Each structure stands twice: as structure tokens, then as C-alpha cells.
Amino acid sequence: MTETVQLVPTCLAGELRPEVAHASVTLLRAMGLHVQVPRDVVCCGQPAFNTGFRPEARRVARHDVACLRATDGPVVLPSGSCAHTITHAWSALNVDGADAIAVRTSELTDFLVARGALAHLQFRGSGTVGYHASCHLLRGMGIDDAPRALLDSIEGITVVPLQDAEECCGFGGSFSVDREPISTALLTRKMDAVEASGATILTGCDLGCLLHIEGGLRRRGCPVRVVHIAQLLAECLVP
Amino acid sequence: MTLEERIARAVQDDHLHAALGTAARTLRERRAVALTSVEDVEGVRDAARAQRLAGIPQVDALISGFTERASARGVHVHRAADGAEAIARVVSIAERLGLRRAVKSKSMATEEIHLNAGLEAAGIAVRETDLGEYIVQLADDRPSHIILPIVHMDRSDVGRVMERELDVPFTDEPEELAAIARARLREDFLAADLGISGANLAVAETGGIVLVSNEGNIRMVTSLPRVHVAIVGTDKLVPTLADAERILRLLSRSATGQQSTVYTTFVNGPRTDDEGPDEVHVVFLDNGRAHIRAGEHAEILGCIRCGACLNACPVYRQVGGHTYDATYPGPLGAVFMAALPGEDHEELPSLCTLCGACEQICPVRLDLPGMLLSLRAEKAARRGGSRRLAMRLFAALMSRPWLLRLGRRIGSWWLRRGSSDGWRSSAPAPLAGWTASRDLPVPARASFWDTFVEDPSVAAVSAQSSPQQTTFHAPESHTSPGSSQSSPTQTTLATFVAAAEALTATVFIEDDAAAVCARVASLIGDAPVLRWDHLPYGLDPAGVDDPAQWPHTAIGVTGADGGIAATGALILGSRADQPRRPSLLPPHHIAVLRRGDIHDDLEAALIARRDLLDSCSSVHVIAGPSRTADIELHLTLGVHGPGRVTIVIGP
Chain A
1 MTETVQLVPT CLAGELRPEV AHASVTLLRA MGLHVQVPRD VVCCGQPAFN
51 TGFRPEARRV ARHDVACLRA TDGPVVLPSG SCAHTITHAW SALNVDGADA
101 IAVRTSELTD FLVARGALAH LQFRGSGTVG YHASCHLLRG MGIDDAPRAL
151 LDSIEGITVV PLQDAEECCG FGGSFSVDRE PISTALLTRK MDAVEASGAT
201 ILTGCDLGCL LHIEGGLRRR GCPVRVVHIA QLLAECLVP
Chain H
240 MTLEERIARA VQDDHLHAAL GTAARTLRER RAVALTSVED VEGVRDAARA
290 QRLAGIPQVD ALISGFTERA SARGVHVHRA ADGAEAIARV VSIAERLGLR
340 RAVKSKSMAT EEIHLNAGLE AAGIAVRETD LGEYIVQLAD DRPSHIILPI
390 VHMDRSDVGR VMERELDVPF TDEPEELAAI ARARLREDFL AADLGISGAN
440 LAVAETGGIV LVSNEGNIRM VTSLPRVHVA IVGTDKLVPT LADAERILRL
490 LSRSATGQQS TVYTTFVNGP RTDDEGPDEV HVVFLDNGRA HIRAGEHAEI
540 LGCIRCGACL NACPVYRQVG GHTYDATYPG PLGAVFMAAL PGEDHEELPS
590 LCTLCGACEQ ICPVRLDLPG MLLSLRAEKA ARRGGSRRLA MRLFAALMSR
640 PWLLRLGRRI GSWWLRRGSS DGWRSSAPAP LAGWTASRDL PVPARASFWD
690 TFVEDPSVAA VSAQSSPQQT TFHAPESHTS PGSSQSSPTQ TTLATFVAAA
740 EALTATVFIE DDAAAVCARV ASLIGDAPVL RWDHLPYGLD PAGVDDPAQW
790 PHTAIGVTGA DGGIAATGAL ILGSRADQPR RPSLLPPHHI AVLRRGDIHD
840 DLEAALIARR DLLDSCSSVH VIAGPSRTAD IELHLTLGVH GPGRVTIVIG
890 P
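Chains as they are written, first to last, in this note's numbering: chain A, 1 to 239; chain H, 240 to 890.
Next comes chain H alone, as it looks inside the complex (with noise of 0.2 Å):
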């Protein structure tokens, strides 16, 4: 199909824009209130642009410094020109270690390259494991959105797949869609030998890559095969642990509204332990970022991939991501397939009103609009067509005013014709575009210009000495009451426990040891755990020690390294003494958690527990239990990741 027969159909899918529409409100609407939250967040928004541009141009230093420490811990570090390159790494890693089956996490740079297609003509299997992505690949369809792959499906679509290609019986509960998931991705994640997944920032000075997710399908991907293979962007590189900060302060209440996600993973290299893969390798991908990088568009490459802008472009709403058959759709898409070498996309750019609301959502303020038009501008200049002659005469008659008023005389005759009260109904090409929906105005008898008489009764001076001219008026500037530096501890703590119930987990606060020993021993009962080896407070509840039965254990029992007071969340770092799987299989995790280690917010707390990046394979940020929002943005807990989240805070 062509884009104009995409955009026919599209127009007229009004199930598509029910979908669209109340999607892309409930998250604008998410992301208004999730940023109020920010301190300074318009400093912030400026900060994070300034950063993002000044990387630009650093990439290959960024990809050196990366490189030095990330390869110090045992990660391969690849990089690849293209998506054939990336592809031929990937199979190449999976020959050499016999690797067959593959589970693979939300990954658009992986959509760019087609990596599934070329990894399955390897003889190599991958399954999807995001469960929005999940349903795209078993419709053999294509995600429609970034961050929400099938915002164009219902309940009863996603239904429908399910029980088409998995041979279940029809149901449109959001829940029982995502726990038929659940268990059919379960037994892909135990069986998978390779973890793909992508990646949301690659930090240079820690040589670690961010992952952010809800459901807890990348901690799986990134936790529990053999190999993790990460194919990430080039322009997904920051130089330092705060600059990736502060865009994750932006990111996740951009894309979905969520002051952070359920999970932030630091991975930082192979395992260390009996647990994590045995090979991390991570394949920089340049695929036609350099091209874009070196011309006048390369602002784009700041982009964060939150999708905010799609959520915010009127056009977006009214075609659906399917219509720029288009790895990126979107005015972000818009501009970066436009920009990318070749001309493949070249349309693309006229899928624009120029209203702004992308450049004025967008959390690191691209000129997204700016780019727009100088895209087009490309183009005209490649390719004017016709409308080069019609621009050249317009030019012409505009500098040239009294050709224009000459001219005017024939026009007005014309377009006047056939007009009723100023007004007509039907027009030949090119106007018959804007009649086909709508009555065209015709100029009027006498322009303003034929009828203007300029005032002769008063002496015209110049600007500054006018008696009329008055002072406006600032309003007076009022100094903000200043909030006040009370005791942290109290504040902090009953912050952490506000937060961490927002997002549903269940919080005892206990006086002491004794207490948190009795609470812990309420809530798991008699039944064996999964565990780390060393739980504060001199806690000891049994342990499963049989791996067959890891993935059916019910209660997962961790400490933690950190909390989190701003968000609610936990700092897991992994260790041999502290594995991932008791946070990550059991349906249901209880984490103790000291007070004295909650810290304000992220920000604070990498700082504090920077030791956790050098010493722990990965690290951890956990808001609350597992959670999926793809099927028509219905919140379901308990998706990969446990389903509950109880944390005993001790003294």
C-alpha cells in the first residue's frame, strides 16, 4: 500500500483512534503530573538537553571509555555499521556456543535491523517476551507505538491472537490474558539459552548499560540465559552515571507517567556467581546514525525514546503508528527515518500540521518541528516537482507587489466566480484538496490595501517618545516560602513508606530484631524459600535447595542495599551471596530493607552506592511488583516479575 492508501484506511479506523485517543490522553495526562514531581524539572529538561547534544558529537570517545571498563569486567564489546553486522555478530556468538533458543526483551533498534528474521534464518529461535511484543510477533504484526507495541489492539483483539495461535479459549480479561502469558513466556525463559535485549542508556564512565521495564521480562532476558547479547544504539551513549540519571528522571514519567518504572537494571557484566549469564556482550549499532550525525539533523539523535511525542502529535492520533510503515513512527520517526541515508522515507516529514506539541512535550526539547521543515527542504531541493513552479511564481508575485495587485485583478475575477456570499463550494486542482471537506473563502472585491487611508490628522514621530506608551507592569515577583530542611530520617522513611504503598507493596515498619525475625516468619509460614544467603538481622527461614524447583517456589526472601524514598524502591545488588532469582521468579517477594539505607531519591543514592556498580554483575532498582499496562493500558501486577512486594523495614 501506498502512504496516501495508508492514510485512507487509517483515517476511517475508528477503533483505531478510540484506542489511540484515550491512550495517548490517559498518558499525557500520566506525564503532566508525574513531572511535577520533579524538582527544577525545567532546569532539569535543559540540563538533559544540553547533556544530550554535547554527547552527539563525542560518540566514538563515549564507545572508547566504554569499551576500556566495560571489557575490564569481562563484557565483549562489538560495533556494528549495520544491521547485517549486528546480525552476523549475534549468530556468530550463538554458533560458537551452540546457543538455539533465544528470549528477547523490548527492543526498537533490534525492530531496525529485523534481527528476529535474521536470527530465525540461522536456524536460531526468539520469542518475544514483552508482552505487548508478544502479541505482535504471534500475529505477525509490527508494534505500532515504542513504548506501547499494541496501543492499536483491544482487549478482545489481544484475545483473539491468544486464542487463534495459542490454542486457548477466548477470554478479553487483561489478567487472564497476562497470565496465560506469563506461563507461556515462563517456560521460554527457563528453556532459553541466549537473552537479547536492547538497551535505554550506555554510561561510559561505568561501562554498564540501564535497562528500564515494568514487567520484568528484561531482568529474565538479562538474568537467566546463558548469554546476554544487548544491541544497542549509538546514540543511547552517555559519558557519565549522574548524565544517566537524570534522563531516567525524565524517561519513565515521559513515556508512561510512572516516577520510575518497576524496574531499573544496571548491568554491568557476567556473572559472578552460579547465577547471571556467562557472556554479556554488548553490539554498538550505528546502522545510518553516523550519516544522520554528520548532517543538520543530528539533533534527533538526542532523542530518549520516551514516545511522549507521539502521544502528543494530533497526526499520530489520527493515522496509528502502521501508517509510516516505519520502524520509528511518530514525529521522532518522522524525522529520524527522513534522515537516515537513502530516500526511503522522504514522505514522512508531511505527516506534520507544524503545531509544536511535539517539541513542547518532548523532555529534552528537540526542535522536532525545526527539523520537520528542513527535512522537507531537503527534499523540495532533490525534488520540487510542480509545486517548485507554483513556489517560484508565488515568490515572484510576493517580492514584486505590483505585479501581484495586476495580478489580483484576474484572480479575484476568478476564484470569485461561481462563489456565494464570499465563499464556494467546489474548486478546480490543487484547491479541490481543500474543498472536498470544506467551503474555500475567494478573496474579497477590494483588498485591504485598495481601501487603507492612513491617518492624516496626527504627526507621525518615531517610537520612544510617546506620551501613550505605558509601563507594563511585572507581577511582583514572590519569594517561594522555602521548604524546610527537617530532620531527613522521619521525612525520608515516611516518604519511602507513601511511595512504596502508592505502588502497592505492602510496608511493617519494626522496632527491632526480634520483630522483624516474627513479622517475616507471619508472612511466610512454614513453606521453603528462595533466598540470599546472608539476610539481615540474623533472619534464617529455610531455603529451597533444589534449582528444579526454583521456578515454583512461592516467596522469594532478599535484603536490600538501598531504598529509595522518592519512588518507593529497592536497590538489589547482585552477588554470589545475593542472587537475583529470590526478587525475580517467586510470585511473591518480601524484602528487608534497614532504614539507615533509605536515600532521598536515585540520584543520591548512586552516589552513596557507587560501590554497588563496581562490586555486583547487576544492579537492581525495583518500584513495586511487576506490572503491564499494554493491553489498552489496563494495569495488571504481576507479570514476569512477582506479582506482590512486601517490604519489612527494620531499625
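Same shape as in the complex, but just chain A (with noise of 0.2 Å):
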């Protein structure tokens, strides 16, 4: 008999790096959970939401819950920010049923820590590791603790500090196009700090920054490699 999780993916990660959602199933399947992925749940509104499309957020975020009311057990999404937008925008927009689905949801590492990923899975790897605090886990879910504690749980690697570790990396959604150069500034700030840092691998729980922080480098043409906390988690997991 085993529980089961509702995954939700994340448009990013979904279409972009399905790498990264199927290491976060490897994850949770690897602490005994059922993962079950609510298809039709895509996107959590977001980018209309930060813009000031409330009408088209909501037809986004009823869509979702409508779908998620159909599910049962935990729903788990490898980003602070969507999370983020699950737990206090959706509620913001007075969407029926929004706060049902809320309590509910949780960020991956923080669901994973909280069921006792560290005592049940085991890490080993190598590098040097850089962790990218991102703004709507950081400060909007006020987790920070989990992800680091799962970093650190890796045996082999180093964890290094960045310098101005809280400070945004300027991507902000669609601000990173409407003010590219504010946005492009904040990049070239955390990019300095990643570099400095001799990290050799660059992490977060975000991959909107983690792309934009990625799409920077590889234009600076700097070899960092940057890689989602569930991917590297899942790489390193010992069987």
C-alpha cells in the first residue's frame, strides 16, 4: 500500500527540461511514493498572473484546480515559484477551491525533507557546488534550510557560498524581456558571483532563474555547469 503524490511538472520543466521533472519522479518514487502526474495541469498562470492578467490567470488557475480536485494525496512541484503561485496567488484571484488545493501543495525539496529524505536516501557525487537561493522559495515560501540540508547530505561535493546569495538574478518573468537591461545588469551581478565563487556546478530549485542564469553563462561562454537541485539530487542518489 503505497501513497500517492500528484506531480506537477511545471510548464518549464515540462517542455523544456523533461529531464528535471523525471528526476524529481525518481525521487519520490525513490522514498516509497506513488508519483501520479495530473496531465492536463500545465501551467499555473504565472505569466498572466505577474503581468496583470488576472481574468486570464484565473481561467488558468480554475483550470487547474478543477483537475487537481480530481486527484488525491500530495502536490509536489520542483519550483518555489509555481508553488508559490499555487499557495498565494491562486487564493488572491478568489478562485473556488484554491485553498483545498494549497494546503496541498508543496516544493520538492521541502516535501522531500519534510517526509525524511534525509535520513531514508542517500547522496554521493563530486564538485564543487553553488546553490542559487531563488526569490519566491526563498522569501515568498521561506524555505531555505531544505534544499541546503539536501545539498549537503551529498557526500563528495563542496558547497560554496555565492556573494549577495539573496539577491535576485534579475529574471522576473517577463521582466527579464520588458526591462531586459535592468534584468540583463541584475544577470551579470549573479553570473560575477557564480565565477568568484569557484563553484563548478550552479543549483537552485528554480528553473526559470536557473535558465536565465544558464542562457547568460553560456553566452559569457563560462563552462559552469548549471543544473536543476533534483537532477543533481537524482544523479547522485544511491540505489
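Any given hint could be a false lead.
Said to hold, decoys possible - Cβ-to-Cβ under 8 Å is the rule here; a few derived chain A residues that face chain H:
| # | residue |
| --- | --- |
| 1 | Leu16 |
| 2 | Arg29 |
| 3 | Gln36 |
| 4 | Val60 |
| 5 | Ala165 |
| 6 | Cys168 |
| 7 | Ser176 |
| 8 | Pro181 |
Said to hold, decoys possible - Facing chain H, from chain A, some residues (calculated, C-beta under 10 Å):
| # | residue |
| --- | --- |
| 9 | Val20 |
| 10 | His34 |
| 11 | Thr188 |
Derived from the structure by calculation, the hints contain no laboratory data. If you're wondering where the values come from, they're calculated on a predicted model, not measured in any experiment. From the three backbone atoms N, C-alpha and C, an ideal C-beta is built for every residue, glycine too.
Join these two chains into a complex; the hints should help.
Take a look at the structure:
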């Protein structure tokens, strides 16, 4: 008899980085959980919400709530930002039934640690790792210890601090395009911090920020590997 | 210049980034340290937030209460709907009394209404007296930060402005720059007939206003000219003195990282003696606040204007205050300005990555990101532009995944064209903004949904019955060791001395009256001093009788109505026999304090000495020597008030 969790891969991981969603499945299964994917929940609606298009955001949220209502168990997302939208924005949009979904919803690393992953799972790897604390996870959800504890539990890696680790990378969704010069200035600071840290791997819990930083590092020709924490943990998982 | 042009210019300005980066980091670090001295700081923040939000709808009642009590003490209270009305009030006061020369302390409310231009058009000369605002005025610039007006300048910039505008030799030594300003402004203070200030708080319970400052210019502005006019946004009203004290506990710590600003001035009314203004006017300024109060963003009226959100905002640090082209920049400014009537500032909420650093640092926990989002929604509802179409398409696709799956094949193919190993280096609009500085990730060949296979080998059950579910143990709670309640006097005295010395005050503790007198005599020597009429312990040094000599006297000697252990501050009430000038005009202030008059903190002092607010035209809480950090946060002592403070504590 196994508990079921609903994995919402998020639109970014689902479309751009399916390996992150698959890695999330691997970790949840390693915890002995049965993973279901509510196939019709693609996006939380954040792009519309953050740009002020509330009727459009509400439409997406209503659709998602209807899909998730029909499922059982915790709702888990490999993203602090999307989890934040579900737990905070949906109720601000007055979507019926949103509160019941919000209490079931967790960000992946927070969920894993709360379920005892530090005692149940073993990780081994190598490399020097920098952790990017994404804003919605850190300040929006108040989650910082869980991902750091998971990283610290990986035998063989060294975690190094980043200068101004709590400063935004400048992504901000459509901000990255609408206010490109400011976004780029912030990204430059973040990339400088990553390079100065000596990290060979940069990880974090939000694909939006990570793809933003990775896109910048690629343009710069910097060889630091950028990888979502789910993927890093799944790679390091000792079977 | 358009907003886009201002941004483009600011992001290239390394000079600006260096200045802002250092200042913002220093202030954030100092704030964090300063807040550790507040007992139950999170509880205090919660209480301050609750009180601020509760006060917003009560503004009319608060103004009535304030007016009743202030009028009883002879203060004239006015209400102005907008800047034009406020300016007209000040002009009519000035015309009635023939006032021509105004000195002004830093006030964002007056910046809001462009008071200086209005007064100058009516023939009234206005001199800004805060060091930063003085430089702004000389340079014909505008403040770029609500606490640090010239944070965008470095010391050589300031030196060049002074060289050019004041015809003095160039120097970039902050002490010399401050000394030049002190000398020039001293003349202005003494010649002025009108003092104009803002207010940090207006207290309905007492009918008085509270002002905080470091340089001493606010004490000059509220003490020396014949008339004092305070322009006060209606959002500065608080119900009680206890509410005001709670905000004061957060304000200077959040703004500059000081336990207390050097001067906390309680202005209660016109003079009751031979000094201080003949008339005190308080002009409550609405200027759009009623509109905000009635709307969805009323919460912004809870702002206490500490400026911490500017220091926390990564966007502000990149673009600086001038890019906002608004009275209030930064997160609070983007909300306040955009929430005002009209659409002039509707673009400002776009200057935000939604990182939440402002909400986290805000002493009263304003939901600034939430308000910025809802202002974006108001704008989108007014004028969605082409993005509305895009968002409709987005919503349609995301709520009809079958359509998305169909569309995916086309979109994915289109985006994958011209990509190498999953990235593109250029893309057409609207994604061209992304590829300006970043490679763009393209969709995977097969999405997760295409490839996920549910594990059929395990039987699914609902959540509760899991054997795998491990109980998560919360860490054991430790009872705090409980601070011992030791004898208050010794501890209080020691705390006071340590805090005062930390502010660079010199402290002497004497055992009896004779020793106090001997100590003071050795400090002052033979020269006559400015002094209170009655000094404790039978002290009776020779005073300066000729008012013309007052501004040039080297030493002022006063008693003190109390001391505050937590901050090392002195409390001085102004009355006929306790004039303000001895603690304000001379470069050296000697205060004689009885050790029994030291209170633990401002809260205790305000409770114990509530009588001062009723019996004195103003009450000054003085924490060390006058200071400024307007130039590159460089600490310079002795701006307008005394640069040296000596405290002699007697039995």
C-alpha cells in the first residue's frame, strides 16, 4: 500500500527540461511514493498573473483547480515559484477551491525533507556546488534550509557560498524581456558571483532562474554546469 | 527622457552603481545589527503593522483629535487638499507676517508639492538646510533617495558643486565640506524668519508632531525663525504617544541603522518664553492620499518612510532614484506614485522583479510586491495592448491542454529551428529582448508529458495510510535562560554610559554636588557660557547676556530632564528657564544629569515624563553629537548642532 503524490512538473520543466521532471519522479519513487501526473495541469498561470492579466490567470487557475480536485494526495512541484503561485496567488485571484489545493501543495525539496529524505536517501557525488536561492522560494515560501540540507547530505561534494546569494538574478518572468537592461545588469552581477565562487556546478530549485543564469553563462562562454537540484540529487542518489 | 532612456543611461553608470551599492549594503548591514537590540523585534513589527493599518481609515478622527489638542496650545492646524492649497497657506502666512526668508529641513511632503518653487514664485527665498538637500538645491538637482538625497554623488561631486556654487576652493574632504555648509547655513538660520519642516509623526493624543534628524538643522528650523510651518502628509498621523514610540523604535534603525537618531524633537506649540517660534502651523496635506485610501492600495499609507525598501531593492540599486522621475523612488515609490490619481506613473510597477526583498525588509511588513502586482493589474485592465491578446492565447492553451499538445508540435518545431544543442542565440520579437544578453533554451524534442509512464507495479492508495511517512521531529524547544532582573540603577547607569560613549559623548560620573561643580568648572574654564537659568547641584557659571554673542559662544551648559539608557540619549524639555539654544548653538554641549533620572528606554521615559509634553513647547531627545553621513555615508560630527557632547552625571 503506497501513498500517491501528484507531481506537477511545471510548464518550464515539462516542455524545456523534461529531465528535471523525470528526476523529480525518481526522487519521489525512491521515497516509496507512487507518482501520478495530472496530465492536464501544464502551467500555474503565473505569466499572466505577474503581468497583471488577472482574468487570464484566473482562467488557468480555475482549470488547474478543477483538474487537481479530482486527484488525491500531496501536490508536489519542482519549483518554488510555481508552488508560490498556487499557495499565494490563486487565493488572491479568488478561485473557488484554491485553498484546498494550496494546503496540499509543496515545493519538492521542502516536501522531501519533511518526509524524512535526509534519513531515507543517500547521495554521493563530486564537484564544487553553488546554490542559487531563488526569490519566490526563499522569501515567498520561506524555504532555504531544506534544499541546503539536501545538498549538504551529498557525500563528496563541496558547497561554496555565493556573494549576495539572496539577491535576485534579474529573471522576474516577463521582466527579463520588458526591462531587459536592468535584468541583464542583475544577471551580470549574479554571473560574476557564480564565477568568483569557484563553483563548477550551479544548482537551485527554480528552473526559470536557472535557465536565465545558464543562458547568460553560455553567452559568456563560462563552463559552469547549471543543473536543477532535482536532477543533481537524482544523479547522486545511491541506489 | 523616457523611462526607457533613463534606464538605459542608469544601467551604464558605474559611478552610480558604486555609490549605491556601497551605501545600500552598509545601510542593510547596519539595520540588521541595530534591530538586534529591539526586544521581540518581530512582535514589535507585527504590532506596528497592525497599528498602522488600523489607523489608515481613521484619518479624519485623528486629525480632529490632533486639532483639538494642538489648538488648545495655540498651534494653527490647516488642511490642504493638494499642493496648490498647501502652498497658498504658507504664502498667506508669510504675507500676513511679512516673512521673506525661509529655512527648510528635509521633507518629502514638500518635495511632493514642489513647495520651494511655489514659495520662490511668491518672493519668499527658501534655503534647504539638510546637508544632502542643500547640495541638491545648489546643484539644481533632485533627491535620489528619501533618506540619503545625494547617494548618487560621491565626495568629489559634492566638492565640485560647492566650488562652483559657493565660490570656495575645491575640497573632497567630507569634514571640510560639512564645515563649509555649517558656516553658510548658520547665517541662513540666524537671518530666517520662517522655518519649514515636515514631520515623521503627528500624534493625535498629544496634538504634537515628532521629527527625527541627525544634523541638528531640524532643531534650528523649528526653534530659530519667528514662525514654524510643518507640512505633514495625513499618513503621518498616529493615535497615541505609545504608537509613536513604537514606530520610533523601528524608524531610525530601519533607515540608518542607528539605535536612535541624534535628535528626536517633539514640537508641541509656539514659544512659551523668549525663544522658539511665535507661531506654529501644521498643514495636513492630502495630495491624493484620500484617493489611495479609498482604493485597493491603501496599505501603502502605512509606510513610515524609512527608505529600507530602497536599500533592499535590486532594481533600485541598478537604476538609482532619478530613473523613477518621481518624488518617491524605489518599491514604496513605485506603489505610492502609481496609486495616486492619474496615470503619470503607471509604468513604475514594471520596475520590479517580484523578488520580495522589499516586503522582507519593511519594518511594518507592507505587502509591496502584492501591491505592485495589483497595480500592474489595474494598468492591464485599462490598457492591455498587444500583450492582452498574447495572454488570452496563453490562457486558452493552458486551460485546453489538448490544444496545447497540438500546438506544441508547431511551436516546438519553430523554436528548435536554428538552435544548437538546445539553445538559440537569437530570436525574433518578443523574445529578442531575451537573446540580447542570454541564449534562449528551446523546447525539448519530447515533453515530459509525452514520456512519463506511471509506475504500474505499485497500487495507489490515498494519502493517510502510508507506512513510509516518517514523522518529522521539530527540534526540541529550549526555554530561554530568562534575563535576570538585577538592580536597575547600576545596570541602567552602566548601560547609559556605554551607549553614550558609543555615540562619542564623553561621560563623567561624580559622587557629590561639589565634584559635579568642580568637573563642570574644569570643563568650561573661564569663558562665559550659554546656559539654562537653573542648573542642578548649585552650578552657576557665568552666562552670556548679549544675544548677538549667542551664536558665537563656545560652550552651552544645561541640565537634563532625563536620560535614556538604551540609547545614551538626553531628554531636554524647552521652557522659559530651560532655553533651547545652549544645547543647539555652541559647538560643545555640557549636560548635567542626575543618575536617578535615567530611564531604561524611550518608552519608559515617555511614560514617566509625559508631563514634559504638556508643559514644554518642545522636547528634545538628544543622542550624542550632531552628525551627518550624507556624503558617501562618511560620518562627520558637528554639522548644525554641537559636535561635542559631554555628560556629567551626579548623584
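Against the structure, the hints:
1. Because the beta carbon of A/Leu16 sits about 5 Å from the nearest beta carbon in chain H, less than 8 Å, this interface hint is met.
2. Satisfaction of the interface hint for A/Arg29 is found here, the shortest Cβ-Cβ separation to chain H being roughly 7 Å, below the 8 Å cut-off.
3. At about 6 Å, the closest approach between the beta carbon of A/Gln36 and any beta carbon in chain H falls short of 8 Å, and the interface hint on this residue holds.
4. With a least beta-carbon distance of about 5 Å to chain H, the hint placing A/Val60 at the interface is held under the 8 Å criterion.
5. With a least beta-carbon distance of about 12 Å to chain H, the hint placing A/Ala165 at the interface is violated under the 8 Å criterion.
6. Residue-level restraint check for A/Cys168 holds (minimum Cβ-Cβ distance to chain H is 4 Å; threshold 8 Å).
7. Annotation: A/Ser176 was flagged as interfacial toward chain H, and the flag holds, the nearest CB pair being 6 Å apart, inside 8 Å.
8. A distance limit of 8 Å between C-beta atoms decides the matter here; for A/Pro181 the minimum to chain H is near 5 Å, and the interface restraint holds.
9. The interface hint given for A/Val20 holds, since its Cβ lies 8 Å from the closest Cβ of chain H, which is under the 10 Å cut-off.
10. Contact between A/His34 and chain H, as hinted, is supported at the beta carbon level, the nearest pair being about 5 Å apart and thus within 10 Å.
11. Taken as an interface hint, A/Thr188 checks out: its beta carbon lies about 8 Å from the nearest beta carbon of chain H, inside 10 Å.
The structure fails hint 5 only (numbered hints given earlier).
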